[in-house]
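There are 2 protein chains.
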Amino acid sequence: MEFPCSNTHRAITMGISSLPGCLFLSWSLLLISPAWSFLISRQFSSAQSGIHAFQYETFYYTQQVDHFGFFEDLTFKQRYLVSDTHWKNPGGPILFYTGNEGDITLFCNNTGFMWDIAEELGAMLVFAEHRYYGESMPFGDLSFSDPKHLNYLTSEQALADFAVLLRYIKTTISGAQDSPVIALGGSYGGMLAAWFRMKYPDVVVGAIASSAPIWQFEDLVPCNTYYQIVTNDFKNSGPGCSESVRNSWAAINRMAETSDGLQWLSGVFHLCSPLKTKEDVISFKGWLSETWVSLAMVDYPYAANFLEPLPAWPIQVVCKFLKNPNGGDKELLQNIYQAVNVYYNYTSDAECLNTSQTASGSLGDQGWNYQACTEMVMPFCSDGVTDMFEAQTWDFQAYSDECYKQWGVRPRSSWITTVYGGKNITSHSNILFSNGGLDPWSAGGVKESLSESLVAIVIPEGAHHLDLRSNNANDPKSVLGARALEVEYMKKWIKQARRGKI
Amino acid sequence: MEFPCSNTHRAITMGISSLPGCLFLSWSLLLISPAWSFLISRQFSSAQSGIHAFQYETFYYTQQVDHFGFFEDLTFKQRYLVSDTHWKNPGGPILFYTGNEGDITLFCNNTGFMWDIAEELGAMLVFAEHRYYGESMPFGDLSFSDPKHLNYLTSEQALADFAVLLRYIKTTISGAQDSPVIALGGSYGGMLAAWFRMKYPDVVVGAIASSAPIWQFEDLVPCNTYYQIVTNDFKNSGPGCSESVRNSWAAINRMAETSDGLQWLSGVFHLCSPLKTKEDVISFKGWLSETWVSLAMVDYPYAANFLEPLPAWPIQVVCKFLKNPNGGDKELLQNIYQAVNVYYNYTSDAECLNTSQTASGSLGDQGWNYQACTEMVMPFCSDGVTDMFEAQTWDFQAYSDECYKQWGVRPRSSWITTVYGGKNITSHSNILFSNGGLDPWSAGGVKESLSESLVAIVIPEGAHHLDLRSNNANDPKSVLGARALEVEYMKKWIKQARRGKI
Chain A
18 MEFPCSNTHR AITMGISSLP GCLFLSWSLL LISPAWSFLI SRQFSSAQSG IHAFQYETFY
78 YTQQVDHFGF FEDLTFKQRY LVSDTHWKNP GGPILFYTGN EGDITLFCNN TGFMWDIAEE
138 LGAMLVFAEH RYYGESMPFG DLSFSDPKHL NYLTSEQALA DFAVLLRYIK TTISGAQDSP
198 VIALGGSYGG MLAAWFRMKY PDVVVGAIAS SAPIWQFEDL VPCNTYYQIV TNDFKNSGPG
258 CSESVRNSWA AINRMAETSD GLQWLSGVFH LCSPLKTKED VISFKGWLSE TWVSLAMVDY
318 PYAANFLEPL PAWPIQVVCK FLKNPNGGDK ELLQNIYQAV NVYYNYTSDA ECLNTSQTAS
378 GSLGDQGWNY QACTEMVMPF CSDGVTDMFE AQTWDFQAYS DECYKQWGVR PRSSWITTVY
438 GGKNITSHSN ILFSNGGLDP WSAGGVKESL SESLVAIVIP EGAHHLDLRS NNANDPKSVL
498 GARALEVEYM KKWIKQARRG KI
Chain B
18 MEFPCSNTHR AITMGISSLP GCLFLSWSLL LISPAWSFLI SRQFSSAQSG IHAFQYETFY
78 YTQQVDHFGF FEDLTFKQRY LVSDTHWKNP GGPILFYTGN EGDITLFCNN TGFMWDIAEE
138 LGAMLVFAEH RYYGESMPFG DLSFSDPKHL NYLTSEQALA DFAVLLRYIK TTISGAQDSP
198 VIALGGSYGG MLAAWFRMKY PDVVVGAIAS SAPIWQFEDL VPCNTYYQIV TNDFKNSGPG
258 CSESVRNSWA AINRMAETSD GLQWLSGVFH LCSPLKTKED VISFKGWLSE TWVSLAMVDY
318 PYAANFLEPL PAWPIQVVCK FLKNPNGGDK ELLQNIYQAV NVYYNYTSDA ECLNTSQTAS
378 GSLGDQGWNY QACTEMVMPF CSDGVTDMFE AQTWDFQAYS DECYKQWGVR PRSSWITTVY
438 GGKNITSHSN ILFSNGGLDP WSAGGVKESL SESLVAIVIP EGAHHLDLRS NNANDPKSVL
498 GARALEVEYM KKWIKQARRG KI
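Quick mapping for you: the protein sequence lines, in order, are chains A and B.
Numbering (this note's numbering) for the first sequence: 18 to 519.
Numbering (this note's numbering) for the second sequence: 18 to 519.
Everything labelled a hint here was simulated from the structure, so no lab data went into it.
Quantities reported herein were computed from a predicted structural model and do not represent experimental measurements.
Since the list gives no way to pick one copy over another, a pair counts as held whenever it fits inside one copy or between any two copies.
In silico lysine to any residue, SDA-like type, Cα no more than 25 Å apart, as pairs:
| hint | residue 1 | residue 2 |
| --- | --- | --- |
| 1 | Lys-94 | Ser-417 |
| 2 | Lys-422 | Asp-90 |
| 3 | Lys-422 | Thr-92 |
| 4 | Lys-165 | Glu-89 |
Can you build the whole structure from these sequences, using the hints too?
Shown next as C-alpha cells:
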C-alpha cells in the first residue's frame with residue numbers, strides 16, 4: 018500500500034498566506050503552517066510599524082446566517098472596514114474589497130493599490146470580511162465545531178453577504194445612494210470579485226479580479242500546470258536550481274531508509290521533532306513543497322516592506338544555494354536546508370523548525386480547508402518530469418474520503434463550474450482579470466481577454482496579486498502598466514454607470 | 018379591532034390556477050380553492066380527451082436537496098418530461114420549461130406554444146418540475162410537515178436544480194452537448210425563466226418570460242395596479258359591470274348585519290356552509306374577489322379547449338349579469354350570484370358552492386403559500402375608488418406575523434430584489450418579457466424594452482400568458498404577432514450561440 022500522500026493530490030490554500038500542502042498527513046500542518054504564522058506576524062508588525070498608516074473605521078453589520086433558507090432565522094455580525102477620507106460625497110465611487118479566507122485587516126493592509134488610488138478616484142474604500150474568518154463568526158466559538166455549524170460557509174452565502182451589506186451601505190450612508198461600486202479582490206478574493214460581478218451585476222458595475230484562479234476546477238485546466246509554474250520560477254532564477262529541488266526528493270528518500278539517515282536529516286534541518294516514521298518523512302516533504310510554492314507566490318521584486326523583510330526576488334536568493342544538483346545526497350540536502358532557511362530564518366523566535374505545527378487560533382486555514390472539502394475542489398497533480406516535485410496523481414475519491422473523515426462532508430467537484438459557468442462566461446461584462454507570470458495560481462486564471470469588457474492582463478514579472486500591493490520603487494514596468502490599465506477600466510465603468518449604461 | 022382581512026393585503030397565488038385571496042381568514046380556502054380544483058379537473062379532462070395528445074417521456078433525476086450547503090447530503094427525485102419527436106440531432110436546440118408552482122404535467126399540457134413550434138425549430142422539449150410540487154417532493158410525504166423540511170423550497174434551489182439537470186441532459190443525451198438551451202415559462206415560471214438567464218447565462222442562451230411579474234416586490238411598482246387592471250377588465254367588458262362589483266361589498270355588509278340577511282345570502286349563493294359569523298362573511302368576500310381576479314387572468318378570446326369549456330371572453334359573459342349597479346341590494350347580489358355562476362357552473366358535481374374548502378391533495382397551493390411567506394413577498398393593496406375591490410392597505414408586519422403563525426417562518430421582503438437585481442437588470446441580455454394587457458399580473462411585469470436584447474412585448478388583448486397557449490383560430494392578431502416575435506428572437510439567440518457570441 019502506498020502512502021496516501023504519495024499517490025494523490027495536494028490541497029492548496031490561497032491568499033496572501035497561500036500554502037500548498039499534502040491533504041493527508043500534512044493536513045494539520047496546514048492549519049497553521051510556519052509560513053502562515055510568519056506572514057501574519059510580519060503583517061501585524063508592519064501595521065504596528067506605521068509604514069502604511071491606513072486609517073479606517075471598523076463596523077459590524079447584522080447578516081442572516083442563511084440567505085438561502087428560512088428555517089434558520091439567526092444572524093451574526095459581519096465586520097467591515099471603511100475609509101472615506103478621499104470619498105467625493107455625493108456619488109463618489111465605492112471600491113469594495115471582497116474579503117477572502119482570512120482576517121479582513123490582513124487584506125486591508127496588504128491591498129495598498131486601493132489606498133494608492135482612492136484620492137484619484139474620489140473613492141470610499143470598503144473592506145468586507147468573509148464569513149467564518151477573522152471576527153465574522155456566524156456561531157462564535159462554535160462556528161467550526163461540526164458540519165452543522167459549518168453549513169453556511171460557502172461562496173454563495175459570502176456573495177449574498179456582500180450584496181446585502183452594500184445595499185445597506187448605499188441606503189444608509191448619505192450621498193452613497195448613486196455611488197457606483199467596483200469589486201476588487203486578490204486570489205480567492207479575486208474569484209469572489211469576479212463572481213460577484215457575474216451574479217450581482219446590478220450591485221457592482223465591474224470587478225478587478227487579481228490572481229483569481231476561477232478555472233482551477235474540474236478539468237478546465239491541466240492539473241499539473243500549477244507546479245510547472247513553480248518549477249519554471251526556480252529554473253529561471255539560477256542554474257541547477259529546479260534540478261536541485263527535483264533531485265532532493267530521492268535524496269531524502271534514500272536518507273530516510275536508515276535511522277542514521279533520519280537523524281542526520283533532522284539535525285541538518287534543525288527540526289523540532291526529529292523524523293522517525295515514514296509518515297514523518299512524507300510530512301517533511303510536504304512542508305518542503307509548501308515552502309517552494311510559497312516562495313513562488315511571494316517572489317516580489319523588492320524586499321518586503323516588513324519589520325524583518327524578505328529579500329527582493331527571494332527565489333534568486335534561494336537559488337544561490339542550489340547550484341549543484343548532482344553533488345551527492347548530503348551536500349544537496351545541506352544546500353536545500355540553506356535554501357529553505359532563506360524563507361524561515363526571518364521568524365524571530367524559531368530555534369527549531371516545526372513541520373507539523375498544529376493550529377493555535379488561525380481559523381483562516383481551517384476555513385479554507387473546509388471550503389476545499391466542499392465547493393473549492395481544485396485538482397492538482399505533479400509528474401516529477403515537467404515539474405520539480407514528486408509525482409502525485411489527482412484522486413478525487415481519496416480526496417472525498419479524507420474530507421469526510423476530517424469534516425463529515427463530501428466535496429461536490431462539479432458544483433462550482435455549474436454555478437459560476439466554468440469557461441462559458443462571455444455573456445458577462447466588466448471584469449478585469451490580472452495574473453502574474455510567476456504566480457502558480459495563474460495556472461487557473463483567465464489569461465486571454467474573452468471580450469471587449471472581459472479583459473485579461475498578464476504581468477510577466479508578477480507573483481501572487483502583485484498589482485494589488487502598494488506602489489514600490491522597484492516595481493517592474495509591467496505591474497505599473499497593469500495598475501494604470503486597471504484604473505483606466507475602473508474610470509470607464511464609473512462613467513458608464515453614471516450614464517446609466519450598465 | 019378590525020378583522021385582519023379588511024385592513025391588510027391579499028396573498029395571491031400565481032400560475033394557470035392563479036387565485037388571489039385574503040391571506041388570513043381565507044388562507045385555508047387558498048389551499049384548494051374551487052377554481053383551482055376546477056381548473057385542474059378540467060385540465061385532466063382535457064388530457065384524457067386527447068385533444069392535445071402531447072407525447073412525452075417521463076424521467077426522474079437525482080438532485081441534491083441542498084445545493085447551497087453540504088451538511089444535508091440528501092437527494093430526491095426531480096421529475097422532468099422530454100419530447101424529442103422533432104429534435105434535430107445533433108445540436109438542435111432545447112426548449113426548457115422552468116416549472117412553476119404545480120404539477121409539471123399541467124404546465125406541459127398548457128404550454129401548447131412550445132409544442133406548436135418544436136418542429137419549426139427542430140427542438141427538443143423539456144419540462145422540469147419545480148421542487149416541492151407534483152411528484153418532486155424532497156422529503157416525500159414529510160416535505161410540508163414543518164419548516165425544517167420546507168427549508169429547501171426557494172427559487173434559488175429551483176434554479177440550481179434546473180442548471181444541474183441541464184448539465185446532466187447535455188452530457189448524457191448523445192448529440193445534445195452543443196444544443197443551445199432556451200428557457201421558457203409563464204407566471205412564476207416566467208420569473209424563473211428570466212432569473213435563470215440572469216443567474217446562469219452560460220446554461221441558457223435566452224429566456225421567454227411570459228406574464229412574469231418580476232417587479233411585484235417591495236416598492237418597485239404601486240401595490241394597487243394589480244386590482245386596477247382587474248377592474249378595467251370588468252369596466253371594459255360591459256356597462257355597469259365594475260360598478261356592480263364595487264357596490265356589492267357594501268350590499269353584502271348591509272345584508273350581513275342581520276341573521277335573516279345572512280340566511281338570504283347563503284341561500285342565494287347556494288353556499289354549502291351557511292354564513293354565520295363575521296369571519297364567514299370576510300371569507301365569502303375573499304372568495305368573490307378571487308373569482309373576479311381569476312376571471313381576469315383567464316379572460317381568453319376563445320372557449321377554453323376543455324371538456325366543459327368556459328365561454329370565450331368570460332368577463333363579457335359575466336358582465337351581462339352586472340348591468341345595473343344601483344338596483345337595490347337584493348337585485349344586485351342576485352346578479353352577482355349569476356355572474357359568479359358563469360365561473361362555477363362548469364364544475365360537474367358541485368351542488369353547492371364551498372367558499373372555505375380545505376386542502377385535499379393539491380400541494381401546489383401549499384407550496385406557493387410557503388413561498389409567499391418567505392421569498393415571494395408581493396405587496397398588494399386596493400382602495401375601492403380606483404378599483405372595484407374593498408379597500409385594503411398593505412401591512413407587512415401583519416403579513417409576517419401571519420406567516421409565522423402558519424409556517425413558523427418570517428418573510429424577508431427585500432431579499433428577492435437583492436438577489437435578482439430589482440429594476441436594475443440592464444446588464445443582462447436575451448430575455449423577452451411578454452405581458453397581456455388584460456392580465457392583472459402585468460402590473461409587476463416588464464412592459465417596456467430595457468435594451469436591444471431585453472425586449473418587452475405587450476399583448477393588449479391578452480390575459481395571463483396567452484402567448485404560451487396553443488394557436489387558436491380566435492387568437493387576436495396581437496398574440497400571433499407576439500408568438501412570431503418570440504420565435505424570431507429564439508432563432509436569433511440560437512444563431513448567436515452557434516457563432517459563439519453568447
